[in-house]
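Undergrad: Protein chains in written order, with the working numbering: chain A, 367 to 733; chain B, 89 to 462; chain C, 3 to 148.
Everything labelled a hint here was simulated from the structure, so no lab data went into it.
Think of the CB as a built atom: it goes at the ideal place given N, C-alpha and C, for glycine as much as any other residue.
Just so you have them, the derived chain A footprint on chain B, three or more residues with Cβ under 8 Å:
| no. | region |
| --- | --- |
| 1 | 143-154 |
| 2 | 242-249 |
| 3 | 392-400 |
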Amino acid sequence: MAIKTEPFVINIGPVHPSTHGVFRMRATLDGEVILDMEPVFGYLHRGIEKLAEGRTYTQNIPFTDRLDYLASMSNNLAYVMAVEKLAGISIPERAEYLRVIMAELQRIASHLIGVGAFLNDCGAFMTPFLYMFREREKILDLFEMVCGQRLTYNYMRIGGVSQDIPEEFLPALDKFVRQMPSFIDEYDQLLAENEILLARAKGVGILPKELAISISASGPVLRGSGVKWDIRKADPYSVYDRFQFDIPIGSTGDTYDRYWVRIQEMRQSVRIIKQAMEQLPPGEVLTEVPHSLHPPVGEVYGHIEAPRGELGFYLVSDNSIAPYRFHVRPPTLINLTALRDMMIGWKIADAVIIFGSIDICLAEVDR
Amino acid sequence: MTIFNPSFSSVNHYSATLPPDWPGGFWLHWGVFVVIIFAFVMAMVMGFIYLERRGIGRFQVRLGPNRVGPFGVLQPVADAIKVLIKEDIVPAKGDKWVYWLAPVVAFVPALMIFAVVPFQDGALLADLNIGILYVVAISSVSVVGIFMAGWGSNNKYSLIGAMRAVAQVVSYEIPLVLSIIGVVLLTGALSMNKIVEAQTIPFILLQPLGFLIYFLAACAEINRTPFDLLEAESEIVAGFHVEYSGMKFALFYLTEYAEALAISAIITTLFLSGWRGPILPPFLWFLIKVFAVFCLIFWVRSTIPRLRIDQVMAFAWKCLLPLALINLFITGIQVIVWPEALPWAVVFLNLAIMAVLVVLWSKFFRLGGGRVEV
Amino acid sequence: MTLALSGEDVAAKLEPQFPGSIIESRGNNLLVKSESLFDLASFLKTAPGLDFDYLTSITAVDYYDYFEVVYHLTSIKHNHSLVVKTRCYGRDNPTVPSVVSLWRGADFQEREIYDLMGISFDGHPNLKRIFLWEGFQGHPLRKDYL
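With the rest of the complex left out, here is chain A (with noise of 0.2 Å):
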């Protein structure tokens, strides 16, 4: 005699401590199992696109802090970028160094962050995320240094970066390039071979190389499907093209490759920052930029590699003080095009580390 039995639906979400933010999976489940899955954003949306148009180009540098809040040097560069696109600025070298500097050290932070919460949704209580955390407040110790703040700088503006280094910043800099790879290293030891992590994050969640490219998927989990490209090397900005470095790709596009591809992205970014520190030329780091900046009529999309994807803006100005429209492109909405797809078939406690693996901040979702 077979059991009746019918699919549930549960929701994942807003208030869970996995979600990484407010967000929401409505879930309909045979026992375990996930049989279908929609997403529902909009818990985190403030309408910065609409605020952004009633505020000079400047005012609007903090507002993309706020964006990706785990991630602003790289909100803030993009931004600024984009602005000096569209109206010409040419900056000095010494600003060029910088940011790319504070741009890396970001990008290291946010993964050590990803990866922390990946590890957490696995079920390791908290360790390694408490470990990456102790190298993620030295870097935040950098920052405050710079510029005063520990998580929405406000650092960069149009037409360089807000203000120069400290003299102790540059000694920090070095003991920590130096001290990092034997962290990553030890991080690597912590987990990589672990055989539970294995069996949860191994063959899990598979995106595959031709879906990830239409959805147009972007960071690491495009790279972590196999496709090599990067921002930094297919479009070079700012100064990247001075410097060597390598783009990890995986292989199968599971969590687990997502999940090596970030850690091996922080081994780069260590590397661009030693080149950074060496090269770095004396110098001015703001050019006279007009307090009222009016930028020509046209408009412009600059794009970057942030560490959760490729980031654009698209100004369209009308020689105003304020941009007519300002337009962010969000790498975390974009990835969750495929969240469906890599749920599909696996259990509830799949849909937290697959949902982890893609380490989106909904900030950026919802704007």
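Mind docking chains B and C on chain A? Use the hints.
TA: Relative to the frame of chain A, chains B and C by itself:
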């Protein structure tokens, strides 16, 4: 060798083991030991909570609680007070009686296990002939309480957690019992006191595979990492006890630690030779060993990630069960062909067998699961 | 360096296949009619030499007379990019064909444009509001909203 003596006569048996000048006879003995056990469990649970939080804190490169009292020793007291004065929220549509009874049904068996744990030579509440069988039987009643909690909460997350709990506990009973039988074969008696008396060398050396299997199966029974997917905070947000608050939650919390204490006590008795030890008084040796086992438990907790439910079941049925059967078989052979003058040869033989088996199984057994075609 | 293809070159390639559908090509932009957008887009995606397999972003801008939907396309294979624009007129129910069947990445972005700007996309499988709740009146990103 008689392994199981069904003729259990209560009063005569007790008065046979009590000293002749013990006043009040049976009932005073019972009363004294109930008080001792209750105090012991409460005090040790408080100590365990503190030890775990400090210990895990140190594992995670941070201090544990250190505000309440010197070095944070009063932290469990603060937790207890907080939990007692919290508002008791009851879900409106839940099954009232089931919801109310669940913590009790879960906690009482954990306490009842201590009736047969020997604190010193002959110092236990009841020296049952079927000691270890009683323990196994009683400890499986807790899972009924967990399932009642999941059902009575009227919450889908609780139900998922409760289902996982039942599946997990039932699966891990079998390797648990089989690994205990190895020890029983070596002793020839089910009584816990006799098991301790028979350990001239600790059974962990004679039964390393049995210890490993028992440790893992016991961790799974008490829902500890890596098997703590019942209350996996990052998935189903506290699982079966998500709707409990106040004193009822305190009972569940106590149950978790009381069961951990019970497991530590049983491992100490079965494998680490209980209260035996050279210089210190036996009670102190017992405490030291219990603490050592508990340190091992929370060391594992803070280090490795957790498994998924189908991996947990696969581990029980495909890995632990065959190993337990092989262990039983080998112990049986050794008991019959015991080289009386050379127990150490058996020790090394068993260690070698354990190493070979563990390596073999980890090569051929992959914790799989996989995607279900929908 | 990603080569930003010039609009005239691409227009020259497209003109034989789709006569009359290209309104104007200036700089890196290509302005096309909205009726022929889908066919043009599928040609751009599959034609050898163009191979625009990666849709970088879709945006909409509200110029008071018309809405302009902007597509940024990239080719990972050849490392070049292009900007395709189309316009839709009328404030009540502007419609543009959807490109979800070509590039699935358009899914959430088109829903966002529908939600905030009010432009409907023909052929989108699940066109409902994404950030604001069902039953919200109005489209906030329009210039005449507040």
